[in-house]
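Chain A is already provided as a structure; the job is to place chain B with the ligand on it using the hints.
Take a look at the letters that make up each chain.
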Amino acid sequence: MRVGLFVTCVNDTLFPGTGKAVVTLLRRLGCAVEFPEGQTCCGQMHVNSGYRDEGVRLARGFLEVFAGYDAVVVPSGSCAAMVREQYPKLAAGMGATRPGAFAGAHRGRTRFAAAVAAVTPRVYELSEFLVDVLGRTDVGAYFPHRVTYHPTCHSLRGLRVGDRPTRLLRAVRGLELVPLPAADECCGFGGTFAVKNAAVSAAMCADKIANVEATGAEVLCAADNSCLMHLGGTLSRLRTGVRVMHLAEILAATEGDR
Amino acid sequence: MSGTFLGMPAFPRNAEKALRDSQLRFNLRNATHTIRARRAAVVEELPDWDRLRAAGKAIKDDALRNLDRYLVRAEEAVTRAGGHVHWAADAAEAGRIVVDLVRATGETEVVKVKSMATQEIGLNEVLRDAGIVAAETDLAELIVQLGDDWPSHILVPAIHRNRAEIREIFRERMADWGRPAPPDLTDDPAALAEAARRHLRERFLTAKVGISGANFLIAETGTLVVLESEGNGRMCLTLPRTLISVVGIEKVLPTWRDLEVFLQLLPRSSTGERMNPYTSTWTGAAEGQEFHLILLDNGRTNALADEIGRQALRCIRCSACLNVCPVYERVGGHAYGSVYPGPIGAILTPLLRGTATDLDASLPYASSLCGACYDVCPVAIDIPEVLVHLRAKVPHPPAERLGMAAAGWTLNRQARLRLAQRAASRLRRLVPRRRLPGPGAAWTDTRDVPAVPEESFREWWRRTEGREGGDR
Ligand code: SF4
Chain A
1 MRVGLFVTCV
11 NDTLFPGTGK
21 AVVTLLRRLG
31 CAVEFPEGQT
41 CCGQMHVNSG
51 YRDEGVRLAR
61 GFLEVFAGYD
71 AVVVPSGSCA
81 AMVREQYPKL
91 AAGMGATRPG
101 AFAGAHRGRT
111 RFAAAVAAVT
121 PRVYELSEFL
131 VDVLGRTDVG
141 AYFPHRVTYH
151 PTCHSLRGLR
161 VGDRPTRLLR
171 AVRGLELVPL
181 PAADECCGFG
191 GTFAVKNAAV
201 SAAMCADKIA
211 NVEATGAEVL
221 CAADNSCLMH
231 LGGTLSRLRT
241 GVRVMHLAEI
251 LAATEGDR
Chain B
1 MSGTFLGMPA
11 FPRNAEKALR
21 DSQLRFNLRN
31 ATHTIRARRA
41 AVVEELPDWD
51 RLRAAGKAIK
61 DDALRNLDRY
71 LVRAEEAVTR
81 AGGHVHWAAD
91 AAEAGRIVVD
101 LVRATGETEV
111 VKVKSMATQE
121 IGLNEVLRDA
131 GIVAAETDLA
141 ELIVQLGDDW
151 PSHILVPAIH
161 RNRAEIREIF
171 RERMADWGRP
181 APPDLTDDPA
191 ALAEAARRHL
201 RERFLTAKVG
211 ISGANFLIAE
221 TGTLVVLESE
231 GNGRMCLTLP
241 RTLISVVGIE
251 KVLPTWRDLE
261 VFLQLLPRSS
271 TGERMNPYTS
281 TWTGAAEGQE
291 FHLILLDNGR
301 TNALADEIGR
311 QALRCIRCSA
321 CLNVCPVYER
331 VGGHAYGSVY
341 PGPIGAILTP
351 LLRGTATDLD
361 ASLPYASSLC
371 GACYDVCPVA
381 IDIPEVLVHL
391 RAKVPHPPAE
401 RLGMAAAGWT
411 LNRQARLRLA
421 QRAASRLRRL
431 VPRRRLPGPG
441 AAWTDTRDVP
451 AVPEESFREW
461 WRRTEGREGG
471 DR
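Sequence order for the protein chains is A and B. Under UniProt numbering, the residue at position 255 of the first sequence is numbered 255, and the numbers go up by one with no gaps. Under UniProt numbering, the residue at position 272 of the second sequence is numbered 272, and the numbers go up by one with no gaps.
Here chain A stands alone, though its shape is the one from the complex (with noise of 0.2 Å):
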C-alpha cells in the first residue's frame, strides 16, 4: 500500500514534530509513507474567506500530487474535512458565483470533478486511517500523562470520526484520558474567524479553557494543529501550565523515548 502523508501547509510551516511523530507512527505500524514532495496546501483558507478561484488552484494541485497513492493520510480534522466535503461541493458548484473565472472551459470542470471523485474517497484523517485502515486501536504508545480531548468541530461534525481518537488514546499505557466539559463545542477558531471576530473567538477560547482546566489534565489534545494553536496560545498566555499536544505526537510516544 502506497501511503502518502499530507502533512498540511500549517503543520509543514509551524509544527513539523507532528509530521515527524505520523512518520514515526506509521513505520513503527508497518506502513511505508511518502511525503510527495509537490505538496502545499488544501485551499481550506482562501475557499472559507470567501476566495474560491484560489482555493480551487489549490485543490487542484493537491488532486495532482495525490493522485497515484492507495491511502492519503492527514493529521488535521479540518483539512481532511476540506478535501472529503469541500471538495465534491466545489465540483458541483464551480464557476457559480464567477462563471467562466476559473473553470472557464467545460472540460477543465469535468476533469476536475473526475480528480475529486477518484481521489478523495482514499483521504483519511489520522485516527480513521489508523482504525478503519490499519485496523488497530492498540498502536504501542507509551504516554503516563492525564490527558483530555478535544474532538474539534470538523473531525466531529465534517468527517464524524466519532470515538476513534479517544479509544486510540484509551489504549495507550500509562495514559490517563478525563473527559472535557462540553467537548463538542466550538473552540473559537475557525480559521479568520478568530481574526475577524476577535472578541467573539477569544469569549469562545475562555470558555473551552476554563473547561480544559476543570478536568486539571496536564495535556489537551487533540487532531488539529490549528486549534491548538489558538487555544495553546491563550493557555501560554495564561501561563496555565497546561501543554497541548497533537494526537500523532502522542501516539508516537513510547517507553524507549524517556
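Don't take each hint at face value.
In silico lysine-lysine, DSS-like type, Cα no more than 30 Å apart, as pairs [as the list claims (entries may be wrong)]:
no.: 1; chain 1: A; residue 1: K196; chain 2: B; residue 2: K393
no.: 2; chain 1: A; residue 1: K89; chain 2: B; residue 2: K57
no.: 3; chain 1: A; residue 1: K89; chain 2: B; residue 2: K393
no.: 4; chain 1: A; residue 1: K196; chain 2: B; residue 2: K17
So the derived list for chain A, only partly shown, Cβ under 10 Å to chain B, looks like this [said to hold, decoys possible]:
no.: 5; residue: P16
no.: 6; residue: F35
no.: 7; residue: E185
If you are wondering where the hints come from, they were derived from the structure by calculation, not from laboratory data. Positions of the beta carbon are idealized from the N, C-alpha and C atoms, including for glycine.
Showing chain B with the ligand alone in chain A's frame:
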C-alpha cells in the same frame, strides 16, 4: 426590512459591545443551554428523526421549485373560501396594503399575533406612523414592545431579559398601553404571567382587527396554520372581525398531508416539546369575519435565484440553530442587526436584502463554521455551505485581498512555499510572540504566537530522507 437597523455598525463591533454585557451573556447562556438540552432529549426519542428531516427538506424543496404554481393554487383556494389575496413585492408595498385595510375598517387599534414577517417589514412602525396602534399579544413580544426594545431571538424575543428587568418594564410601561400592572407586582414568574394575562385580556375583548403571520400556507386548501404556545394567537385569530395575515411566499406547503411532517419537526426543534400546545388553522373567511392574505416577497425571489443560497428559504423559523450557535450564545440577537439573528440570520439577511451595507457584508463572517447549526436544522439547511458561498460574493477589504493573493501565490508552488518557510525560520527570532503588527494584533490581544521552528517539515524530510523531489 425595517429601516430602524440602518446605519448600525458591522457585526464585530456590535459583538464586542454585547460581549461586555455580562448579564446578557449569563441570560443567553442559561436560556440557550436549557432549550438545547430539551431539544436534544425529545429528538433523541424519535427513531425516524433522520427520515422526518429528509422528508421536511424534500417537501420544502418541492414547494420552492414549484413556488409559482403552488402560490396561484393557494390564491385560488383562499379566494374560493371567501378571503382576499394581495401580493406585495416589498416591505413598503405590504405596509401600504395593511394600512389601507385597517383604515377601511375605521379602527385605530389592532392586536397582533407574534410574527416574523410583520417584524421583517417593520409593520408596527408603519402602522404607528399612520396613527394606528398595534399591540403585541405574545408574552415575550409584549415585553419587547413595552420596553421599546428589539427582539433578540426568533422564538423567545425577550431571551435577553431576566425576571427582574421584566418586572420593571411591566411596572413602568403597562399603564401607557392599557391596564396597568398591579402595584405590588413581584418578579415571580406566575405573578408576571398573571399581570400580562389581565393586561392582554382587555385588549382581546376590545379588538376589532387582528394581524398575524403564519407558519404554513397550504396550497391545496388555502389553509393557514399558526403554531404558538400561549393561546394568545388563537384569541387574535378568532375574536376580531377583520383578520389580516402577512405571509412570506416561501411558507407554502403543497398539500394538507405535508403538515404532518412539520407538526413533528417544528415543536421538537423549537421549544423541545413533543407536541405543539396551540395549533390554529383557518381557511378563507369565517362567518361574519373578513379575511385578507398578503403574500410577501421582499427579497425572497432574489434568494430563490441563488442556487446555493435558496436552501435558506426552507427555514421554518424553529430557532434550533440559534440555540446551539456558540457565536449567538455570546453576543445575542441584536448584534446581527436584523429580525433574523443567529446562523440563519447570518445567511438569510444578506440573501434577502443584499450585501451593500457594512453590516450585511459582515454577516457571512459571523460564524466559526463549526457546523452545529447544520446538525440541528430540521430541514437540513447547510448553513456553513451558504456562509462560505456568500463570503465568496461579498466585497473583500483590499488589504485582505492582497494578503490572500500573496498567500495563494506562495502556496501554489512548493518551491515558493519552501523559500517562504526558509525566510521565516531565518527571521524566527524576530517574530514577536506577544504583539504582532497589523491585523495580527487581533490574534495577540489574547493569544501567544507559536514559535517558528528552525526547520520546516519538508526541510527535515529532505535532510533525513535525502530525496530530491523535482520542483513544480
Ligand atoms: S435554519 Fe433550520 S434550525 Fe435555523 S431556524 Fe431555520 S429551520 Fe430552524
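With the threshold set at 30 Å, check whether the alpha-carbon distance from A:K89 to B:K57 stays at or below it. Measuring from Cα to Cα gives roughly 19 Å; hence the hint holds.
Min Cβ distance, A:F35 to chain B: is it shorter than 10 Å? At about 5 Å, which falls below the 10 Å cut-off, the nearest Cβ of chain B leaves the hint on A:F35 intact, so it holds.
Can we keep the A:E185 interface hint, with Cβ of chain B closer than 10 Å? Given a least distance of 6 Å, the restraint on A:E185 holds.
A:K89 and B:K393: Cα distance at most 30 Å? holds (16 Å)
For the pair supplied as a hint, A:K196 and B:K17, confirm whether the alpha-carbon distance does not exceed 30 Å. With a Cα-Cα distance of about 15 Å, the restraint between A:K196 and B:K17 holds, given a limit of 30 Å.
Is the hinted pair A:K196 and B:K393 satisfied, with a Cα-Cα distance of at most 30 Å? Answer holds: A:K196 to B:K393 is near 17 Å, not above 30 Å.
Under the criterion of a CB-CB separation shorter than 10 Å, is A:P16 in contact with chain B as hinted? holds (4 Å)
In summary, the structure agrees with every hint in the numbered list given earlier.
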